[in-house]
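Peer 1: Here are the chains, one letter per residue:
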Amino acid sequence: MSHINVKVAAIEQVTDLIKHFTFVREDGQPFPVFSGGSHVVVSMNINGRIQRNAYSLMGNPEETEAYHISVRRQEKSRGGSVHMHDALKVGDSLQITFPVNLFALEKRARKHLLIAGGIGITPFMSQIADLERNKANYELHYAYRAPEHGAFSKEIKANIGNKLITYVESEGGVLNLRNLLSKQPLGTHVYVCGPGPMVVAMIETARTLGWPENHIHSEQFTAPPSGESFKIKLTKSALEIVVPPEMSMLEAMEAAGVDAPYLCRGGACGRCELEVVCTDGNLLHHDHYLSEAEKAAGKKIMPCVSRAKCDLLEVVL
Amino acid sequence: MSLAFKKETFRDDYTYKNSVEAIKRFPFPFPEDTYMYSVNMEPHTKGPKGAVTEHTFDIDEHYVSECLDKAKTLELDPGRYAVLPHMMDAQWDFLELTMESLSTDYPHLFTLKKDGKNWTWENKPLSIKKSFVFGDVSTLDMDPFEYMSRQVQGDFVLLDQRNDTLYADAGFITSQADWSLNFDVGMAWHEWHGPVPQVTKLGVMDRALKYLMSMQLGAPVRRLNWTMTINPRLDTSPENYPLWGGDRNTVTPENVGKKVHLRVELQTLFRLPRSNGLLFSIRCYLINMEELSTFPRWAKRFHRVFRDLHSDLAEYKGLVKFREMTVQWLSKFDDGADIGVGTHPE
Numbered sequence: 001m002s003h004i005n006v007k008v009a010a011i012e013q014v015t016d017l018i019k020h021f022t023f024v025r026e027d028g029q030p031f032p033v034f035s036g037g038s039h040v041v042v043s044m045n046i047n048g049r050i051q052r053n054a055y056s057l058m059g060n061p062e063e064t065e066a067y068h069i070s071v072r073r074q075e076k077s078r079g080g081s082v083h084m085h086d087a088l089k090v091g092d093s094l095q096i097t098f099p100v101n102l103f104a105l106e107k108r109a110r111k112h113l114l115i116a117g118g119i120g121i122t123p124f125m126s127q128i129a130d131l132e133r134n135k136a137n138y139e140l141h142y143a144y145r146a147p148e149h150g151a152f153s154k155e156i157k158a159n160i161g162n163k164l165i166t167y168v169e170s171e172g173g174v175l176n177l178r179n180l181l182s183k184q185p186l187g188t189h190v191y192v193c194g195p196g197p198m199v200v201a202m203i204e205t206a207r208t209l210g211w212p213e214n215h216i217h218s219e220q221f222t223a224p225p226s227g228e229s230f231k232i233k234l235t236k237s238a239l240e241i242v243v244p245p246e247m248s249m250l251e252a253m254e255a256a257g258v259d260a261p262y263l264c265r266g267g268a269c270g271r272c273e274l275e276v277v278c279t280d281g282n283l284l285h286h287d288h289y290l291s292e293a294e295k296a297a298g299k300k301i302m303p304c305v306s307r308a309k310c311d312l313l314e315v316v317l
Numbered sequence: 001m002s003l004a005f006k007k008e009t010f011r012d013d014y015t016y017k018n019s020v021e022a023i024k025r026f027p028f029p030f031p032e033d034t035y036m037y038s039v040n041m042e043p044h045t046k047g048p049k050g051a052v053t054e055h056t057f058d059i060d061e062h063y064v065s066e067c068l069d070k071a072k073t074l075e076l077d078p079g080r081y082a083v084l085p086h087m088m089d090a091q092w093d094f095l096e097l098t099m100e101s102l103s104t105d106y107p108h109l110f111t112l113k114k115d116g117k118n119w120t121w122e123n124k125p126l127s128i129k130k131s132f133v134f135g136d137v138s139t140l141d142m143d144p145f146e147y148m149s150r151q152v153q154g155d156f157v158l159l160d161q162r163n164d165t166l167y168a169d170a171g172f173i174t175s176q177a178d179w180s181l182n183f184d185v186g187m188a189w190h191e192w193h194g195p196v197p198q199v200t201k202l203g204v205m206d207r208a209l210k211y212l213m214s215m216q217l218g219a220p221v222r223r224l225n226w227t228m229t230i231n232p233r234l235d236t237s238p239e240n241y242p243l244w245g246g247d248r249n250t251v252t253p254e255n256v257g258k259k260v261h262l263r264v265e266l267q268t269l270f271r272l273p274r275s276n277g278l279l280f281s282i283r284c285y286l287i288n289m290e291e292l293s294t295f296p297r298w299a300k301r302f303h304r305v306f307r308d309l310h311s312d313l314a315e316y317k318g319l320v321k322f323r324e325m326t327v328q329w330l331s332k333f334d335d336g337a338d339i340g341v342g343t344h345p346e
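Top line first, the protein sequences correspond to chains A and B.
Just so you know, my numbering puts 111 at position 111 of the first sequence, and the rest follows in order with no gaps.
Just so you know, my numbering puts 300 at position 300 of the second sequence, and the rest follows in order with no gaps.
What the hints contain is simulated information worked out from the structure, not anything from laboratory work.
Quick caveat, the model's predicted, so the values are computed rather than measured.
Every residue gets a Cβ at the ideal spot worked out from N, C-alpha and C, and that includes glycine.
Careful, some of the hints might be misleading.
As the list claims (entries may be wrong) - Below 30 Å or equal to it, Euclidean Cα-Cα: the simulated BS3-like pairs (lysine-lysine) are:
1) B:46 x A:154
2) A:7 x B:46
3) B:258 x A:7
4) A:236 x A:300
5) A:135 x B:46
As the list claims (entries may be wrong) - Here are some of the chain B residues that sit facing chain A, going by a computed Cβ distance under 10 Å:
6) 90
7) 161
8) 163
9) 218
10) 238
11) 242
12) 269
13) 276
14) 324
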């Protein structure tokens, strides 16, 4: 994977739980322009262990002096967001990947309906810059728990005015997906990013209302869940690697020096897919990429988020 | 590098020729004695010096004449340029990529000055100087994609990524090896590649699609493809088949060396930044059998490849009519010696 070496240029505490990081390139060059909805994978060194997390780029894609991400502190996670919040200081060096877009706008849409929950607002912040530039027809519906959680609503309101509609739960605001989706003109595409239950509810509602599958877009990155330790065997290199409870298969392979493919590291893109040869236990699929039938067949696994409950899992790599 | 641009033609009197240096840097595509279709992708990294891959886009001694030939083909058939309306971001991506690459790689030939969105482009070989506002089509004489496609050798297709596949939604195609843009614009990956034989059963196209869809910014890739053309003709389009199809019947044992050309395409693919589309660039290199055989190693290799080529592929590439004569002509260079693996000329 190609990387860009960056420095932390600024850190802003946006809400109690959210920090906004500004990165500039170490070589002083401009960043590449990117497309709205793109993310980068940030590599961090947590006490000698390399962890890589994907974060949406939320700046204007045309502004190339800096990249911006926002990180919500997740106490229950494996330490990536806590590391970003507590350890990272202005001036620190990091490595990020080039931007990747798994949540692209469908440019032929007659209308774009953007639905954000909480920190799920970030990919839409770069998308609205693209939509404004192309004078597209769109609305942004942004739901959050309480005024202090609506991280960027003021800034967005100032940019796009009444194309932003907010729903503040503590003030009784309710985003009624069924009402919203049922009154959209033909040719509308809907995009959702937010907590898992919200994403599932939106997709199910759209399907129930008969929306074509390719008009429904979602982005959901799963953090790799921990689990029991197990051993993997790589057929081509004949390497045997132990996956410890707090590491993903992908991370364990990387720690063993294996150059395994990946893009999103959140079970969304399919790039890291491995073919399963055999196992003496069960696969525990956590990705959003394989179909239910593929998961049941047990021939493929996404090592970025999925694990196995077994002694030995043999995969082709 | 200072380049002398040759005055030559790719039609009518066909004065196209390769210099000794051009022959030596020809992208010969056969590392082994047998050939079968494969997804032979590799990173499009720059180098080595002098090779056609030294720079992001190769500008060679044929540059000026080839650009004139493109303009001529487009003038005769404006349908060779087509773009769907949702591709405007990708058009500007293309203009930016080509202008930045050419001005960085060939600063004595091309310059690009930027003052915010106000850009000035100078192309010395074609005597073009133009100031315009990046992102504002009304300040260019034409679409940004057409503007720069006319100034870079090769054909260009802009692909849009949606519905888990790739759509060819824009193209500037004036040197295609028997495929048609009118037929292909707006088509999805599998429709586009439907006719290639021996490929569906290999699952090659599914794997290639998955690979391309996960292509990353800053990591372009390339591959070589090949066919053969009678006379050094760039425009071998299906629309103009009557103009060139009959040339296959004009090959004789006496003129094989001059008329029969190996046609190699350097295909490169780039992820485009603001559109998230892909650029597919197809750059054509032509070399006749006489030029090729100035390096006996290449003549031996090509003799074996062409002689043993699968008949489906020979049929698909349209090589059947002149295959026997060409193999016969090449056989005089082939002593059967083992020449090892690799595409090097000597």
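Peer 1: Now, for every hint given, state plainly whether the structure supports it.
Peer 2: Cross-check of the supplied hints:
no.	hint	result
1	B:46 x A:154	violated (46 Å)
2	A:7 x B:46	holds (27 Å)
3	B:258 x A:7	violated (59 Å)
4	A:236 x A:300	holds (16 Å)
5	A:135 x B:46	violated (38 Å)
6	90	holds (9 Å)
7	161	holds (7 Å)
8	163	holds (5 Å)
9	218	holds (4 Å)
10	238	violated (28 Å)
11	242	violated (36 Å)
12	269	violated (15 Å)
13	276	holds (4 Å)
14	324	violated (43 Å)
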